[in-house]
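Trainee: The primary structure of each chain is shown beneath.
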Amino acid sequence: MNKKFTKAVMNTSILILSLILAFQISGCKKPEPIAQPPVSSEITSDEPSEPSATSSEIDAAEPSEPSAASSEITVTDMTGREVKLTGTAEKIVVLSPSDCEILYALGAGGAVVGRGEYCDYPAEVSQVPAVQSGSETNIEQIIALNPQVVVMTKMSHSAEQVDAIENAGIRVVSTDAQNIAGVYQAIELIGKITGRDSQASALVGEMKSGFEEIKAQAANAGSVSDNSVYFEVSPLEWGLWTAGKNTFMDEIAQITGLKNAFDDIEGWAEISEEQVIDRNPAYIFTITMYFEGTGQVHPVDEIAGRGGWENIGAVKNSNIFLLDSNEISRPGPRLYEAAKKVYEIVYAGSGN
Amino acid sequence: MKRENFSLANYIFFCAATIAVFLVCLCVGSVGISPANVFQSVLSFLTGGDIGTAPAGKIIVFVRLPRVICAALTGATLSVCGAAMQGLLKNPLADGSTLGVSSGAALGAVLAIALGGAMPFFANAGIVPTAIIFAFVSLFAIIALANKLDSGLAANTIILTGVVFSMFANSLISLIISFSGEKIKPIIFWTMGSLADANYSNALLLLIAFLTASAVIIKNAAELNACAIGEENARHVGVNVKRVKLLILIASSAAIGICVSVSGTIGFVGLIVPHITRLLTGPNHKRLLPASAFFGAYFLMLADLLARFALSPRELPVGVITSLIGALMFLSVFYRASRNK
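Protein chains in written order, with this note's numbering: chain S, 445 to 796; chain E, 109 to 449.
Among the hints, a few may not be true.
Quick look at which bits of chain S chain E covers, simulated, 3 or more residues with Cβ under 8 Å [stated by the list, open to error]:
(1) 681-691
(2) 696-709
(3) 718-731
Think of the hints as simulated: they come from the structure by calculation, not from any bench. Just so we're clear, the structure is a prediction, and the values are computed from it rather than from any experiment. Just so it is clear, CB atoms sit at the ideal spot from N, CA and C, and this is done for glycine as well.
Working from the sequences, and respecting the hints, build out all of it.
Mentor: The structure is reproduced here in structure tokens:
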């Protein structure tokens with residue numbers, strides 16, 4: 445009797461435990477990278493430095509130059525929220541690498557008092573205290589840095605986090621760049637809150653004319669006989685992921701006169717190896733991280749050596765190239781450099 | 109008297125069904141290739157002929173064929189191991205994942221990635237052995253702990269220890285993931301399971317694992333039958349319960365470790381396939397074990413077919429499909445079985 449009861453209890457607890465386990469396992473199954481270029485670009489950063497939120501003073505030598513009249517500024521951020529600032533922001537915590545790059549490109553790097561742990565460009569940003577970002581954003585650390593404004597990206601933060609920071613008396617400005625036009629918007633928004641509207645429109649103008657120039661040159665370079673391109677976001681070993689329509693890579697393909705072989709797919713997606721062989725792209729660009737001197741096979745050689753791929757145009761003609769994943773997937777000013785590199789790879793040296 | 113063994117006719121029937129499912133899976137895929145073309149490619153590949161430069165031949169020979177083979181072998185191995193563990197431990201919830209072996213193997217793979225520096229391809233050389241070693245170590249840890257708690261190695265003690273160990277291993281994996289930054293993608297793969305990277309050397313490894321494990325297990329079918337009736341009983345008819353238990357657990361955990369190292373943790377296969385098979389064959393392990401292997405192969409081949417084909421040109425993680433379909437099938441089978449009572 446007693447034994448039977450113990451057994452029943454044991455059986456039930458086993459059932460409950462395995463249910464919990466099943467949930468835990470299924471929790472791990474979230475396919476993270478779907479349509480989240482910035483997340484993965486965060487992933488690709490170097491070892492995040494230890495978050496150290498202790499020093500709240502700005503040690504940075506050059507103070508930002510605020511615009512003369514620091515009167516009230518009202519902006520509508522990219523989530524449609526109206527944000528009122530008492531003056532230009534001089535102490536900013538920036539959480540996403542792309543917004544961080546924009547701040548520095550506008551010359552407002554001196555105003556950055558805290559950065560998300562994955563912000564790694566330009567190099568000098570590593571001297572700024574890092575805070576945890578994303579779903580584990582450490583709000584205490586942010587408040588301790590005593591900024592006027594926190595710049596965050598809509599995708600990687602929740603409304604609750606925004607509220608919590610706002611409740612602490614810190615203004616939150618969210619960016620949400622889904623395409624290059626969105627990047628311009630983000631630049632102008634960040635220009636506004638830092639009192640650098642003219643620098644912002646200059647940067648936007650520069651990017652626009654740069655892209656136009658590439659586009660025109662690509663058009664002039666004459667038609668490449670086959671211009672299809674496959675972007676490899678994740679190598680075969682972990683399942684092939686590519687960038688489809690409405691990604692920065694797709695936009696860059698269009699600018700450089702290439703045709704994304706997977707533009708029938710929306711966003712980032714896992715695709716079948718069969719499809720790559722069947723679609724026979726003329727160019728392959730991979731953004732697999734490469735760590736020299738670690739014994740890792742170079743991503744280009746790894747792709748070239750795959751069984752069954754030897755007759756793909758890109759493999760046959762050695763048109764496989766490694767790109768800097770941070771450059772081509774972060775919604776920031778460096779997208780232009782990425783486009784330029786793609787253009788040079790495709791058109792320079794090829795007799796077209 | 110009811111026939112006991114899996115007869116030759118049974119084998120022929122099940123093999124024919126395997127070939128049929130295999131061919132369907134080979135002919136259907138993300139890229140449409142005519143069956144004639146498929147057969148031609150396979151034939152010229154098998155006879156060492158030229159498969160030509162057309163993409164169709166390359167796709168069949170280098171992508172689809174190894175993948176379907178790996179799916180069949182993984183499904184068969186996981187199922188036969190699951191069936192053996194369920195019989196051995198007299199517990200319907202026993203399989204590689206509840207016993208902690210899969211999680212242990214996954215933990216090994218994840219550790220190899222995380223500690224292997226930032227070198228996915230170099231580290232890969234270390235992933236397979238690490239996964240297998242961890243599968244073993246987990247099993248020994250579980251058995252040692254269970255033995256300490258209960259020297260008779262009662263089934264429930266082993267399962268309970270295994271479940272606790274699984275949770276422990278999974279939380280360690282989560283911990284490693286949260287510290288791993290850029291290496292997160294490979295690690296997610298190990299926790300999700302995928303057959304996308306299947307190739308012939310994987311297939312060979314799986315074949316060895318399957319043959320070894322199923323030989324050991326099926327050879328002990330009679331002992332398993334005795335254990336399933338009751339360990340006391342088994343002891344009375346002269347079965348060395350402890351020895352059989354160790355033998356089968358070691359064979360299964362090694363095989364499961366190899367499956368995990370090749371395709372990540374594919375959930376539910378080892379748990380539900382034996383249950384569904386049991387409804388058709390009855391509980392006699394002499395029939396249940398081989399039938400489970402066949403059904404497991406069908407199940408995973410078809411699940412992987414769905415993963416490859418359902419959202420073409422996209423792919424789905426096969427673990428999601430096995431868990432989804434598996435859970436639903438399991439429920440309906442359970443529901444019907446309990447209504448018939």
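Trainee: Each hint should be assessed against the structure and marked as holding or not.
Mentor: A quick look at each hint next to the structure:
{"no.": "1", "hint": "681-691", "in the structure": "holds (count 4)"}
{"no.": "2", "hint": "696-709", "in the structure": "holds (count 3)"}
{"no.": "3", "hint": "718-731", "in the structure": "holds (count 5)"}
Hint check: no violations occur; every hint is consistent with the structure.
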